[in-house]
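Q: Each chain is listed here by its residues.
2 protein chains.
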Amino acid sequence: MVPYFKQSKEELLASKKELLERYQMFVDQKLSLDMSRGKPSPEQQDLSNDMLKISEYITDDGVDCRNYGLMDGLPQVKQMFADIMGVPAADTIVGGNSSLNMMYDAVARAMLFGVAPGSTPWIQCEGRKFLCPVPGYDRHFGITEEFGFEMINIPMDENGPDMDLVERLVSSDPDIKGIWCVPKFSNPTGIVYSDEVVRRFARLQPAAEDFRIFWDNAYCVHDFDVDHPEKLRNIFQECIAAGNPDMVYMFASTSKISFSGGGLAAMCASENNIAFAKKHISVQTIGPDKLNQLRHLKFFGDQAGVLAHMKKHAELVVPKFQAVLNIFRRELEGLDVATWTEPKGGYFISVDAMPGCASRIYELCKQAGVKLTNVGATFPYGKDPLDSNLRIAPTYPPIEELELASELFCVCVKLAAVEHLLSARHAA
Amino acid sequence: MVPYFKQSKEELLASKKELLERYQMFVDQKLSLDMSRGKPSPEQQDLSNDMLKISEYITDDGVDCRNYGLMDGLPQVKQMFADIMGVPAADTIVGGNSSLNMMYDAVARAMLFGVAPGSTPWIQCEGRKFLCPVPGYDRHFGITEEFGFEMINIPMDENGPDMDLVERLVSSDPDIKGIWCVPKFSNPTGIVYSDEVVRRFARLQPAAEDFRIFWDNAYCVHDFDVDHPEKLRNIFQECIAAGNPDMVYMFASTSKISFSGGGLAAMCASENNIAFAKKHISVQTIGPDKLNQLRHLKFFGDQAGVLAHMKKHAELVVPKFQAVLNIFRRELEGLDVATWTEPKGGYFISVDAMPGCASRIYELCKQAGVKLTNVGATFPYGKDPLDSNLRIAPTYPPIEELELASELFCVCVKLAAVEHLLSARHAA
Numbered sequence: 388m389v390p391y392f393k394q395s396k397e398e399l400l401a402s403k404k405e406l407l408e409r410y411q412m413f414v415d416q417k418l419s420l421d422m423s424r425g426k427p428s429p430e431q432q433d434l435s436n437d438m439l440k441i442s443e444y445i446t447d448d449g450v451d452c453r454n455y456g457l458m459d460g461l462p463q464v465k466q467m468f469a470d471i472m473g474v475p476a477a478d479t480i481v482g483g484n485s486s487l488n489m490m491y492d493a494v495a496r497a498m499l500f501g502v503a504p505g506s507t508p509w510i511q512c513e514g515r516k517f518l519c520p521v522p523g524y525d526r527h528f529g530i531t532e533e534f535g536f537e538m539i540n541i542p543m544d545e546n547g548p549d550m551d552l553v554e555r556l557v558s559s560d561p562d563i564k565g566i567w568c569v570p571k572f573s574n575p576t577g578i579v580y581s582d583e584v585v586r587r588f589a590r591l592q593p594a595a596e597d598f599r600i601f602w603d604n605a606y607c608v609h610d611f612d613v614d615h616p617e618k619l620r621n622i623f624q625e626c627i628a629a630g631n632p633d634m635v636y637m638f639a640s641t642s643k644i645s646f647s648g649g650g651l652a653a654m655c656a657s658e659n660n661i662a663f664a665k666k667h668i669s670v671q672t673i674g675p676d677k678l679n680q681l682r683h684l685k686f687f688g689d690q691a692g693v694l695a696h697m698k699k700h701a702e703l704v705v706p707k708f709q710a711v712l713n714i715f716r717r718e719l720e721g722l723d724v725a726t727w728t729e730p731k732g733g734y735f736i737s738v739d740a741m742p743g744c745a746s747r748i749y750e751l752c753k754q755a756g757v758k759l760t761n762v763g764a765t766f767p768y769g770k771d772p773l774d775s776n777l778r779i780a781p782t783y784p785p786i787e788e789l790e791l792a793s794e795l796f797c798v799c800v801k802l803a804a805v806e807h808l809l810s811a812r813h814a815a
Numbered sequence: 388m389v390p391y392f393k394q395s396k397e398e399l400l401a402s403k404k405e406l407l408e409r410y411q412m413f414v415d416q417k418l419s420l421d422m423s424r425g426k427p428s429p430e431q432q433d434l435s436n437d438m439l440k441i442s443e444y445i446t447d448d449g450v451d452c453r454n455y456g457l458m459d460g461l462p463q464v465k466q467m468f469a470d471i472m473g474v475p476a477a478d479t480i481v482g483g484n485s486s487l488n489m490m491y492d493a494v495a496r497a498m499l500f501g502v503a504p505g506s507t508p509w510i511q512c513e514g515r516k517f518l519c520p521v522p523g524y525d526r527h528f529g530i531t532e533e534f535g536f537e538m539i540n541i542p543m544d545e546n547g548p549d550m551d552l553v554e555r556l557v558s559s560d561p562d563i564k565g566i567w568c569v570p571k572f573s574n575p576t577g578i579v580y581s582d583e584v585v586r587r588f589a590r591l592q593p594a595a596e597d598f599r600i601f602w603d604n605a606y607c608v609h610d611f612d613v614d615h616p617e618k619l620r621n622i623f624q625e626c627i628a629a630g631n632p633d634m635v636y637m638f639a640s641t642s643k644i645s646f647s648g649g650g651l652a653a654m655c656a657s658e659n660n661i662a663f664a665k666k667h668i669s670v671q672t673i674g675p676d677k678l679n680q681l682r683h684l685k686f687f688g689d690q691a692g693v694l695a696h697m698k699k700h701a702e703l704v705v706p707k708f709q710a711v712l713n714i715f716r717r718e719l720e721g722l723d724v725a726t727w728t729e730p731k732g733g734y735f736i737s738v739d740a741m742p743g744c745a746s747r748i749y750e751l752c753k754q755a756g757v758k759l760t761n762v763g764a765t766f767p768y769g770k771d772p773l774d775s776n777l778r779i780a781p782t783y784p785p786i787e788e789l790e791l792a793s794e795l796f797c798v799c800v801k802l803a804a805v806e807h808l809l810s811a812r813h814a815a
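Order-wise, the sequence lines are chains D and P.
Counting from 388, one number per residue, gives the positions in the first sequence under the working numbering.
Counting from 388, one number per residue, gives the positions in the second sequence under the working numbering.
Isolated chain D, as found in the complex (with noise of 0.2 angstroms):
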């Protein structure tokens, strides 16, 4: 393949011409796909279907489920996430069916109360600031944005964020409160920080003594090869070691694990920071749905089998992502005009387009039918300052709805990046 910027602009007339047809017969078929967000397959949610015919409701220790209390969770669930997580039981809680939602209450927490005994309410720092990694998740980036952060975009490539830069803000700037991580199978590059990026996150020097990692581990057991998975480094352990019990949050949940719809998620940190939210929680509610826990509980019995069970959800993921990929190599591989991660776990696929082309190829996939997730969704404040991230979701859709979209989306790649050559050398 020649790429498309050393084609003559009689080649690239040519290409347009023939991609124009092919874009054309995508919609005449009047599509209809999703591949905006990261969904488990109704055929990842059937392997959790079990679950909810178990109608026990007394755990194995006599506490009756249906009745009040509780309001960290059942031990044996506390046990199951902290095993997952690598942290002591006592350093954890299960809240409801959203992670998010105990990030967003962890934040609005450290809005009204600080996030210490006598801490500073962050509220009270005018010019409070988030370090966002990017592309990252766009819900993260909408919770810092809601409580009037300024975020920086903080670059990753694929050992994880700039250490540098974020030791030198962090260290520098009292302002900054807080950074948001994916540290496995980050959404949407899909890649696993490094032990060093890690290890430097443990040892950061924060100007601001109220600083926190938001350490979201929402694809912590999501690998392709379960039995050979993907390492990442402790950063409970590491902060600990580094002197720095208190600066991390941890959270997952097991939506993508069980049940989107009906899960459960967790928060795991240091025995200060625990002992801070739940005599907050502890005003807030009487406590979580402890039925739901048992339903996982019964299900699951603990952290080896929810690695057993991932397994199946891989068997179901796997072949959809390497769909995906080969149509990207088939169809974009030579020509220049994107590069795209090939992750080893985790929902996404991030695509980086010709700069200034990501919003033209959503539109063009849009108008022929297909949706994908916002342009500018991975970035603070929906904006992707070089126009050229794109987020793949390849789990939801069927394996043949989920080609067509491809190879759509590679048409429109090229289409996009043709156009974009023809008119910077016109206005040349």
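In short, the hints are calculated from the structure, not lab data.
Source: prediction; values computed, not measured.
Hints are supplied without guarantee of correctness; some may be wrong.
Which copy is meant is left open, so a pair is good if it fits within one copy or across any two.
[Said to hold, decoys possible] No farther apart than 30 angstroms at their CA atoms in a straight line, the calculated lysine-lysine pairs in the DSS-like style are these:
{"#": "1", "residue 1": "Lys440", "residue 2": "Lys618"}
{"#": "2", "residue 1": "Lys666", "residue 2": "Lys758"}
{"#": "3", "residue 1": "Lys731", "residue 2": "Lys618"}
{"#": "4", "residue 1": "Lys665", "residue 2": "Lys699"}
{"#": "5", "residue 1": "Lys753", "residue 2": "Lys417"}
{"#": "6", "residue 1": "Lys396", "residue 2": "Lys516"}
{"#": "7", "residue 1": "Lys666", "residue 2": "Lys770"}
{"#": "8", "residue 1": "Lys417", "residue 2": "Lys665"}
{"#": "9", "residue 1": "Lys753", "residue 2": "Lys666"}
{"#": "10", "residue 1": "Lys417", "residue 2": "Lys618"}
{"#": "11", "residue 1": "Lys770", "residue 2": "Lys665"}
{"#": "12", "residue 1": "Lys440", "residue 2": "Lys685"}
{"#": "13", "residue 1": "Lys770", "residue 2": "Lys685"}
{"#": "14", "residue 1": "Lys618", "residue 2": "Lys699"}
{"#": "15", "residue 1": "Lys758", "residue 2": "Lys665"}
{"#": "16", "residue 1": "Lys417", "residue 2": "Lys393"}
{"#": "17", "residue 1": "Lys618", "residue 2": "Lys666"}
Using the hints provided, position chain P relative to the given structure of chain D.
A: Just chain P now, with coordinates in the frame of chain D:
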């Protein structure tokens, strides 16, 4: 019976001796009973066990409840709550399992963002105040204490809060941002707000335009005689009629209908209020547990199904209230040592002991192995200015234990009164 206060010193000493002997008999039984919280009994929870056998996950109109989406709840469940609350389904949000959590979040939202687009966050009102009808619900007061409100006691009578006082305060002080109400079978007095009280609430002319009534209708369908329910006027409609549609937030839950540890909660309010809440909730969570919503929908069907279910609760609860009240009448009537409420629904009996005696009664009961709700819990800051009110929660214990505990309670009420009178005479 001769009231204690009319008895001679010798008569009182004789009563004391007799009471101490009875008290010692209870102590010798080494009881361990808990009458402290308004918890449904295991038998009540059993009524909903069949709900746990529901393993469906698709609604009749094809929504897969296992996946993400529907942040404000399943439409059919919104309708069910709306019917119970007497509001349009569009003005309803179904949340997780805790209405307390929805109330806390409503206050937290107002603290951080105000109550409407452009309104001032409550946190900026330094002298913020909240009205607290007393005796009331400790967890309500916990929320407004957490958020730094000065809490003002509002006396209650059999018709509801003292509306002369409420009107005078609310219309004159813009720092008063809200009031806690449990309008039906009020916690703990069990009274139902009269039509007149509800109308006067709806017609308030608050000095603060961001004043909100927190209408916690926790016991809206918890009548002892479900076929002849106590009527509570519809505050939502009254507020519309009075030109104050945005002044009320309504809350309810199935915590005492289905399961306390796995029910559903809902909030109802005007279109403006709901739109404002949804704007923020959509940042906070992708949505509540829809599988549990579907379970409730399939089990109850609709409002009529809920009411039929409440009859079964009443059959279990009424004998317990009667048992307590029979003992109160037998032991206390005519002695002028206590008054108590005889509610027609809900979860509590409120006892006003001789002023200055509640703490002593609590201690005496505790030393004999019966745990009551903390003295003062029914007042802001946990401080009952008269040291008189005690909340009795009859629903949880088996009836034999309840009778034992009630008898002990009465002995302690009398013993504390005798001690108090003797001590007063000694001082005089």
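Q: So, against the hints stated earlier in the document, which numbers end up violated here?
A: 1, 4, 6, 8, 10, 13, 16 and 17
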